[in-house]
Each structure stands twice: as C-alpha cells, then as structure tokens.
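Novice: Keeping the supplied structure of chain A fixed, place chain B upon it in accordance with the hints.
Residues per chain are reported as follows:
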Amino acid sequence: MPISILTYIFCAPLLAALALVVVPRNYRVIIRFIALLGTFVSMVLAIKMFCQFVPGHDGFQFEQQIPWVNSLGISYHVGVDGLNVGLILMGAIVAFAAACCSWEIQTREKEFYILLLIMSGGILGAFASLDLFFFYALHEFALVPTFIMIGIWGRGERKNYATFQITIYLSIGALIALIGLIALYLQSGANTFDIPKIIEHVKANPIATNAQNFIFPLLLFGFGILVSLWPFHSWAPLGYGSAPAPTAMIHAGILKKFGLYGLTRIALPLMPQAAHHWMTILAWLCLGNILYVGWVAMRQRDLNLLIGNSSVAHMGFIFLGIASLNLIGITGAVFIMVAHGFLAALTFGLSGYIYQKTGTLEMSELGGLCRKLRFIGTALLMAAMAGCGLPGFANFVGEVSVFFASWTVFPVVTILAVWGALVIGGIYMTRAVRKILHGPLPEKYANVADATNVWRKLPYALLLASLFVFGCFPKLLTNQITPDATKIVSMTTLITAKPNMVAVSEIQSPKSENRN
Amino acid sequence: MKHELFPWLILFLPIFAAATITLFTLRSRCCSAFLSIGAIVAGFILSILFIHANGIHFAGEISKTWLSIGNLQIDFGLKLDALSMMMLLIVTGVGGAIHIYSVGYMHEDAGFSRFFAKLSLFTFSMLGIVLANNFIEMFIFWELVGVSSYLLIGFWFEKPSAGDAAKKAFIVNRLGDFGFLLGILMIWGILGSLNFAALQNSITANPVALGTAATIAGLLIFCGAVGKSAQFPLHVWLPDAMEGPTPVSALIHAATMVAAGVYMLCRIFFLLNADALHVIAYIGGFTALLAALIAVQQNDIKRIIAYSTLSQLGYMVMAVGLNGPTAAMFHLTTHAFFKALLFLAAGSVIIGMHHEQDIWHMGNLRKKMPITFWTFLIGALALSGIPPFAGFYSKDSILAQCLEQKNYLLFGVAIFIAGLTAFYTFRLFFVVFTGKEKTDHAKHAHESPLVMTLPLVVLAVFAAVGGFIGITNNYGSQFVADHETLSVAQQFLEPLHTPVPMLIGIGVALIGIFIAFSLYKNATSDPLPAKLGGLATAMKNKFYFDELYEATFVRAHDFIAAVMDWIDRWLLEGFSIGLVRGGTDLTGRALRLLQTGNLQTYAFLFVLGMAVVLWLVLK
Numbered sequence: 001m002p003i004s005i006l007t008y009i010f011c012a013p014l015l016a017a018l019a020l021v022v023v024p025r026n027y028r029v030i031i032r033f034i035a036l037l038g039t040f041v042s043m044v045l046a047i048k049m050f051c052q053f054v055p056g057h058d059g060f061q062f063e064q065q066i067p068w069v070n071s072l073g074i075s076y077h078v079g080v081d082g083l084n085v086g087l088i089l090m091g092a093i094v095a096f097a098a099a100c101c102s103w104e105i106q107t108r109e110k111e112f113y114i115l116l117l118i119m120s121g122g123i124l125g126a127f128a129s130l131d132l133f134f135f136y137a138l139h140e141f142a143l144v145p146t147f148i149m150i151g152i153w154g155r156g157e158r159k160n161y162a163t164f165q166i167t168i169y170l171s172i173g174a175l176i177a178l179i180g181l182i183a184l185y186l187q188s189g190a191n192t193f194d195i196p197k198i199i200e201h202v203k204a205n206p207i208a209t210n211a212q213n214f215i216f217p218l219l220l221f222g223f224g225i226l227v228s229l230w231p232f233h234s235w236a237p238l239g240y241g242s243a244p245a246p247t248a249m250i251h252a253g254i255l256k257k258f259g260l261y262g263l264t265r266i267a268l269p270l271m272p273q274a275a276h277h278w279m280t281i282l283a284w285l286c287l288g289n290i291l292y293v294g295w296v297a298m299r300q301r302d303l304n305l306l307i308g309n310s311s312v313a314h315m316g317f318i319f320l321g322i323a324s325l326n327l328i329g330i331t332g333a334v335f336i337m338v339a340h341g342f343l344a345a346l347t348f349g350l351s352g353y354i355y356q357k358t359g360t361l362e363m364s365e366l367g368g369l370c371r372k373l374r375f376i377g378t379a380l381l382m383a384a385m386a387g388c389g390l391p392g393f394a395n396f397v398g399e400v401s402v403f404f405a406s407w408t409v410f411p412v413v414t415i416l417a418v419w420g421a422l423v424i425g426g427i428y429m430t431r432a433v434r435k436i437l438h439g440p441l442p443e444k445y446a447n448v449a450d451a452t453n454v455w456r457k458l459p460y461a462l463l464l465a466s467l468f469v470f471g472c473f474p475k476l477l478t479n480q481i482t483p484d485a486t487k488i489v490s491m492t493t494l495i496t497a498k499p500n501m502v503a504v505s506e507i508q509s510p511k512s513e514n515r516n
Numbered sequence: 001m002k003h004e005l006f007p008w009l010i011l012f013l014p015i016f017a018a019a020t021i022t023l024f025t026l027r028s029r030c031c032s033a034f035l036s037i038g039a040i041v042a043g044f045i046l047s048i049l050f051i052h053a054n055g056i057h058f059a060g061e062i063s064k065t066w067l068s069i070g071n072l073q074i075d076f077g078l079k080l081d082a083l084s085m086m087m088l089l090i091v092t093g094v095g096g097a098i099h100i101y102s103v104g105y106m107h108e109d110a111g112f113s114r115f116f117a118k119l120s121l122f123t124f125s126m127l128g129i130v131l132a133n134n135f136i137e138m139f140i141f142w143e144l145v146g147v148s149s150y151l152l153i154g155f156w157f158e159k160p161s162a163g164d165a166a167k168k169a170f171i172v173n174r175l176g177d178f179g180f181l182l183g184i185l186m187i188w189g190i191l192g193s194l195n196f197a198a199l200q201n202s203i204t205a206n207p208v209a210l211g212t213a214a215t216i217a218g219l220l221i222f223c224g225a226v227g228k229s230a231q232f233p234l235h236v237w238l239p240d241a242m243e244g245p246t247p248v249s250a251l252i253h254a255a256t257m258v259a260a261g262v263y264m265l266c267r268i269f270f271l272l273n274a275d276a277l278h279v280i281a282y283i284g285g286f287t288a289l290l291a292a293l294i295a296v297q298q299n300d301i302k303r304i305i306a307y308s309t310l311s312q313l314g315y316m317v318m319a320v321g322l323n324g325p326t327a328a329m330f331h332l333t334t335h336a337f338f339k340a341l342l343f344l345a346a347g348s349v350i351i352g353m354h355h356e357q358d359i360w361h362m363g364n365l366r367k368k369m370p371i372t373f374w375t376f377l378i379g380a381l382a383l384s385g386i387p388p389f390a391g392f393y394s395k396d397s398i399l400a401q402c403l404e405q406k407n408y409l410l411f412g413v414a415i416f417i418a419g420l421t422a423f424y425t426f427r428l429f430f431v432v433f434t435g436k437e438k439t440d441h442a443k444h445a446h447e448s449p450l451v452m453t454l455p456l457v458v459l460a461v462f463a464a465v466g467g468f469i470g471i472t473n474n475y476g477s478q479f480v481a482d483h484e485t486l487s488v489a490q491q492f493l494e495p496l497h498t499p500v501p502m503l504i505g506i507g508v509a510l511i512g513i514f515i516a517f518s519l520y521k522n523a524t525s526d527p528l529p530a531k532l533g534g535l536a537t538a539m540k541n542k543f544y545f546d547e548l549y550e551a552t553f554v555r556a557h558d559f560i561a562a563v564m565d566w567i568d569r570w571l572l573e574g575f576s577i578g579l580v581r582g583g584t585d586l587t588g589r590a591l592r593l594l595q596t597g598n599l600q601t602y603a604f605l606f607v608l609g610m611a612v613v614l615w616l617v618l619k
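These protein sequence lines map, in sequence, to chains A and B. For the first sequence, the numbering used here begins at 1 and goes up steadily by one. For the second sequence, the numbering used here begins at 1 and goes up steadily by one.
Chain A with its partners taken away, still in its complex shape (with noise of 0.2 angstroms):
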C-alpha cells in the first residue's frame, strides 16, 4: 500500500523536529527556516488533502495501515472522513501560523522549535489516526510540550502556578480517559484498537447497557477535562495567559479539539444509549460554560485571560451541538471546532503580538492603539467581532446550526444559550475593543511599530483569511461533514430504537468474545 498523504501531512513537522537536533543552536535563521519549511510543507499537503476530499465516499479515504501488535490488534492505521478533514485541515494551517508566529521567542530557540513541531505534528497524527492506541499516544506525545513550555518560555508572575495547574488538569483528563478507552476496549469485545473494526463490530454486538454507563463518563469527562468543560476549565484560561503565544496558539487551535474528536468519533457511535442518558446533563453543563464563563470573561483585565475564557466559553457552543445528538447538531460542532481553531489561534498570535509591543496585556494600562497598529489593530477588532459571532466568520455558521439543532431538543438551554452568544460574547468583546483599540493613546506607546512586512502579516492573514472563507462559503465544510455526522447520529438512533442485548456478564474476557 503507498503511503498516506496523512502520513506525510503529520510526519513533516516531526521531521524537521528531528532534523533541528542536529542544528547548532546559534544557527537561527536556519533553525527558524527548517520549522518553517516543516509546517509549511504540511500545511500545503493538508489544503490538498481537504480539495482532493470527495464529500460522502463510503468509509475512509487516504487510508493506510499496517498492522503492528498483532496479538493485542494494534496497528497504524490513518484515514479521513467528514469528521476530522476539516480538522487536520485546520490543525495544518494553525501550526504553519504558530511557527510563524514564534519570532518572538528570543532565548532557547532550538528547544522552543523542536517542541512546537513535537506539538504539531502529534495532534496532527492523532487526529488522522483511526487507531485507539495511536489516537491516545500521539495526543500524549503532543501534550506533554505544552507543560514544559509554558514552565520556560511562559510569562507574567503566575507562571508557575499555571504550569502545575494545567499539569494536574490535563494529565488526570488524559488518564481518566485512558481508563475509560482501555474499558472500551475490554468491553466492546472485538479484540482491536481500530476504530473502525471496533464499530462495525458493536453495531453487530452492542456493549451491555450498565458497561456502557460506567465507561461513557469516564469518556465525557475525561475528554471533557481536556475540552476545560465546565467546572474543569479553570486551568484554560491561566495556562493560556502563562504561555508563550505560538503554544495558546497551538493548544487552543488545535490540542483542546481533541476531546471533542474523541467524544464525537468514539463515544457518541460506540456507547449510543449512555449518551442519550447523559446529553441532558452535558447540555446543562455547557450552560456553565456558555454564560458563567462567559460571565467571568467579563471581569477580566487581562487580555489573555479574556481571550482564554472566551474561548472556554466558546467550548460551550460544541458541546451543545453535541448534546443535541442530531444531525444539525454535531454538524455544526465539528463546524465550530474548525472555526474555533482558526479564531483562537488567530487572538493568541495577536495578543502576542501585543505583549511583545507594549509589554503588558493589562487592558486598563492599554488604548487607543488602533491609531498605531493599523494591520494588528483591525486583525483584533475583527477577531473580537468573530468571537461574538458575527455572520461572514465561520463560527457564526456553526453557533446558529447549533441553536437550531439544540431548539428542538433543549429549548430552554438554548435560549441562555443564545442570550450567552449575543449579549455576554457582545458585551465582553466590545469592552475589549474599546480599552485595547480605542480611546486616547497613552504616550508611552507613540512608537510602537505594527506588523509591516509580509511574514509579520502572513500568519494573521492567513487564520483571517480562513475564517472568511469558510464563514462566507459554509458549504465548503458542511458538504463534507454531513455525510459522516449522519453515519454517526444513525448510530446512536438506530441502536438505542432497537431492544437492549443480553449482556453475557458484567467482565468479559476479550479473547472469548472474539468471533472473527
């Protein structure tokens, strides 16, 4: 079998991770230009990828595998589908920005890049995998960078509290949804970490419902930890206003997608009754998300820390979708995890962008400085507007699909919901805009300099330019997704329509149940 695009969409970056090893470190321009060339070469492969797509294929497409243990059933095993073309897509393009991004980092530059290609390339390679044991250890793989970023390269006074903090968090979410794949696996009863056997194979054979009760959690928390779902998210926005702006970038671009991956690609179709039995209650969480976080957003004097809690509370919109568990729903929650992407990295780079200018992101400290940093100044207003959902950007698509889907199923949810989307999201973006952006300029900032060449622009261009495409032309995306996100929400119909299997005992051992 030829190799993958995918294999070499998510291998470059790791690539040229391991070719700056044997970079001396006092050689920047090249050490910067291998990351460049790293991510770029990825990104192109991923917009060629996403154009050679064919919306509605049955099953996979650039798939490849081969097989590796074969007595536990692991294997490399990549492909895409509706669900994740988008995302790597997405995931590409953010990590192309994010190197570019990355001048600002002056000390330990060698390091710095070689674990912002880590990053990427890992979350792009566990998005492409189909295989359970990939999935989780390329996510691991990508995790593990942003702690010791944020600990070296990360700013301001709480810096290490945030580095313990996002630690705890993210490393308890990843076990406790360790436990829940590994009972998965257990209990699905199919004898293989491919994802796509393990489907097929509990379409024949449901999990038990009481299996399915004890492990569908375990999933929805432990995925939703990393998601920062309320009241697990404290540590989103403190770790993302501690770190270095290419890893917000990349951690709430793309990292934070993955739970949402997961919940979507696993544990919607794999454990259909559990999640009927707890959507009711996601959907109450999300509200928490959506309006108290939203709320919290609106005390903040921190830029970051604004932008931080916007984009938790932005997790809100998705996990609605999700909990909606229609076709319109998870629609436009794979929408919005694209859309979501492009957004925060674009606000990360641009806050960055600012703190390297001015120094501070305290907002009272700031003004008037759309007079200055024209090019940043309308990238941030725009941003801002995005962010509360303006039409024309791509999350606006995705917030409104969510609110018809949710509509039917959780009208009161909703309505906070949408209350959350135009008045809080509103009120807290245009406070922004008017104390960073406009007003008097404090003269201390007469001579800060905007981005004016062209690679100071092209990241920002770039992410802005995404969002208009696929805000102005939905089609684009949703013609792929559809197709898929029918196949799943079918799954979770048709099973829970039809009479519970017998459940042969509680633990089962997987090599007695394996009927192949």
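Treat the hints loosely; a few may be bogus.
Said to hold, decoys possible - With a straight-line cut-off of 16 angstroms between C-alpha atoms, the simulated EDC-like cross-links for lysine to aspartate or glutamate are: (1) Lys-475(A) - Asp-75(B); (2) Lys-436(B) - Asp-526(B); (3) Lys-540(B) - Asp-526(B); (4) Lys-540(B) - Asp-358(B); (5) Lys-372(A) - Glu-158(B); (6) Lys-159(B) - Asp-109(B).
Since the hints were made in silico from the structure, they are not lab data.
Specialist: Chain B only, in chain A's frame:
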C-alpha cells in the same frame, strides 16, 4: 425576469468597493471616494433599469443554497417585489446623495478612505437586508449593518465618547437581536422553513399554523425591530450614535438602517397576529411620544434631529401595529428624504460653524448660509407635516389609519406628537437661522461647497414633492390585493378624503410652529425651563433612562460577573487544585511516617510482614 444579473451587481458592487479600498487604495483618497460612490450610484442606475425592465409590480425571487444540513435549509436569495425594489431605490438614491456629500464633509479627515470603505460595507449590508428572501439571510445582514454602524459611530475612535457610544449601540442592538434570533428559531421549529414566501404560503393555507406561539413568535421577531429601530425600551443607543460623522447620522441613523426595523415588520407582516400588532402599535406610540418630549429640551443640533428620528420611527412602528404597513412604508420613504436632508443641512451648519453643535452658539445663519437655510426650511416643513410637503401626506395617512382602526387613544397621542414635532423642529430652526448671532463663530459662518449643497438641493426637491409622486401606489400593491393606482393629481388631493385628521393635523402643526415662533424668534436662551420646571429637567436628562439601565442591566451583569469570577477564582480553582495538592501532600506525609530510618522499626515491620504472610499461607 429580465436582467437577472442586475440585482446581484447592485448587492455586491459596494462590498467589492469596500474590499478594494481596504486592501489597495487606502492611500489614494480620490480612488477610494470614486470606488465607493461609483458602486452606489451604479447600484441606483441598475435599480432603475431593472425596475424599468420588469415593472414595479413584478414579484420574483432568485435563490442559491448557502447552507444545507439535514432539514435546515438556508438560502442566499434575492427577493424582488415592490417593497424591496422601492427600498433599493431609497438606499441607493438617498445613500448616493449622502456618499457624494461626504466627499465635502470628510474632506479634511485623515481617515477619508477608511470612511468610504466602511460606508460601502454599510451599503452592502443594508442592501442585503432589503433583498433577503429568508430569515437567516436577513439576520446575517441585520448583524452586518449592526457592525457597520458600530464601526462608523466609533469612526473617531480616539474620542472616548465615540468609543463608548459605539459599544453601547452594539450591545443594545444585540439585546434586540437576541429576541429576533429566538423568534426565528421558534418559527422554524413550528413551520420548518425560513423562506418568507414559503412561510407566507403556509400561513395563508392555515392561518393558525403557529398556534398559541403566534403572539410570542411575532413579538420576539419584533424585538429585532425594537433594537434596530430604537424603539422603547431599547431607544437609548440612537442619540448617542450621533458621535459618528454627520453623513453617517444621515444615512444610517436616520434614512436607512434605523428604518430597517420597520421594513422588516412590513416584510413579515403576514406573521403578526392581532395581539402582537396591538403591542407593536402601543410601543410605537409610546416611543414617538417619549422621544418628542425629550427632543423639546435638547440643545445639540444633531441630538434634536436624532430624537425626532426616534419619534418618527415610533410613528412608523405604530402605523404597522395599526394594520397599516402601506402608511408605514410611505412615511419611511418620505422620512428618508426629509430626515437625510435635515441631517445633511445640520452637517453643513456644523461645518460652517467650525464643528460647533450647540444651537445656542449659533443664530442668524439665514444670510450666511442661504442654500442650507432654504433646504433646511423645506425639510423642517416636511417634518412638521405642512402641505404640500412630503411629510404631510405620509403623516396624514398614518393619522387616517388611526381613525380607521378606531384607536382614538393613539390618534390623540399622534396628534399631540405632531404638534410637538412642529414645535421642536421650529425651535431649532428659529434659534439657528434667525435672531442674533450668539457667538463669533456664527458671525464668521460660511456656506458649504457645491459638493455638499447639491445633494441638499436634490433631497429638498424630493422632500417637497415626495408625497404625490406615486410612492403609495407602489407600496399599496404589496399589501392590498385590489389597490387602485392613483394619478398625481388624485394623490395630491388624497388627504381630502379624510378631512378630519387632515385638518386637525395641519392645525396642531401650525400651532406648534406659532408657539416656537413666539418663544424663540429672538431668544438668546431657552425660556422653557423656567416655565416647565422639573419636567424640563427630566426632558433634558432624557427621563433618566440611561441612568436606569446603568443601575439595573449593567449593574446586574457586572454583579453576576463579579460573583462568578469569585467562585471561579476561589472555589473552583482554589478548591480543586487545593484538593489535589493537599491530597498528594497528605499521602506523602503519611507514607513518610513509615520511612523512619530506624532499623528497629524496619525489623519490626519485616517480622510483622512475615507473620502476615505465614498466617495467610497456613490458614
């Protein structure tokens, strides 16, 4: 449909201009102005050609799928009927005049190109609302006009007041949009469609299709109009919006965008049931009264006109609520002419006065600014409802509508407002244009250049004759099946059919003008506060609505936010992290007790372990 391409061009030329200006021609003022004006004037010409080819009573729709997920179908379509085509003419026509005027008004501003880019963005968004054929498309452009208004109010963003006003306008509009979106969701949930034509068909087929939700859904949709058209209780943003440049006030906050709420109500008129209409009528009437009262005691030339806009919008909304969408659209159209005219004339005064806006610093500008004076007079007469100016006809049709619906309370209110309107308009007029010069600026005032006065003259012509050039004919066919087309002469004499409202209307207007004349002809300061006492203070302070909202809505949100922030900081973060940290710490301490370094303890534990193992094995 002939010339199917034209409507697309009309819609997309302005956004093309806005994008080109932003990306390429920010440095070239000339190119920017040319692109922006070119786009809207071309839109005007294309609209005329399109209407000429298809006829005004033509009705059609062009539609492309924008988003389709399962049973959620959102089109991007253009709805072309008398209603939208008339609005096309208003937006591109009045808008075009204002674009040209802006060249003169913004001449010395450093952000000249930026201004035109934003103006074109606005034009695009407004045309989108006009042409939308379904709810979500309308909502999209609804939000986009909101953001263009935000950008233009905050155009001079370095002024803190401009930044605050922009923020306020955006948030208050968002409050209205909250209801609007919920209304859309509700209607989609029940009827399963978003397309206006499809919805109208299902309502016609089954008038009770919406069931008990009909009133709620109608009122939720109305919320959108309340926000955009600045009706009570969301009226507070519009006066502050005058922080923007004057052409913006004329185009967005008088002639077009704020009228979008009324337009939307007429577009979805079929959805509104009697109960909803009732509420709409009273909200409109109340807003009209409130704003007219406030206008009496304002001293900023733009704010007075802004409150009169509020008041006239209330009139239109009331007309819709009284089952008279034709009258509402008629007034919307004439109002667009004379209110844009008044604002532009005010802008000309402001420029002539070197950016002075307090009317008590002006005076006797009649001689120094003759064109501005005469055009302003025409606008003021039209606004006051003096025949044969445009405002007279449209206002008369609303008054007649009140009587036809036998709503005598609202008729009385409307009559009172008509008198007040004439009074405050001519208060402004006499203080600014007659009497003595009150400052040196007024003595050295000068007439504005041709590029500014020409649009004034054009608008003045329409404000003068707009009442009988066939506007009602065009709208009538939209809402009344057997509408008869009237000739110009018939229209000219149309108010005679209902002499009672006509005579009362003219009467109160003349009384209002007379009182204004006697009080303000030669006044150097306002005599009213002494006469009205506390009421005047309340009027001057806008009946304290800003303070009220500050104390309730804003405070409540800030308070909740503070509580949530505290919980977040101390309970969630502190507690959970504390738990993990404390738990680990405690376990560590407990385990440390075992590791004493004392050989006897280890030996004892070793023996104990042996004993346990032996006991387990031998048991």
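Novice: Each of the hints needs a verdict: does it hold here or not?
Specialist: Right, here's what the structure says about each hint:
1. Pair hint Lys-475(A) plus Asp-75(B) holds up; C-alpha atoms about 11 angstroms apart against a cutoff of 16 angstroms.
2. About 14 angstroms separates the Cα atoms of Lys-436(B) and Asp-526(B), which keeps this hinted pair within 16 angstroms; it holds.
3. A threshold of 16 angstroms between alpha carbons decides the hint, and for Lys-540(B) with Asp-526(B) the separation of about 12 angstroms falls inside it, so the pair holds.
4. With a C-alpha separation of about 14 angstroms, the suggested pairing of Lys-540(B) with Asp-358(B) holds against the 16 angstroms cut-off.
5. For the given pair, Lys-372(A) sits about 11 angstroms from Glu-158(B) by alpha-carbon distance, which is consistent with the 16 angstroms threshold.
6. Our distance criterion of 16 angstroms between C-alpha atoms is met by Lys-159(B) and Asp-109(B), whose separation comes to about 14 angstroms.
The earlier numbered hints are all upheld by this structure, with none contradicted.
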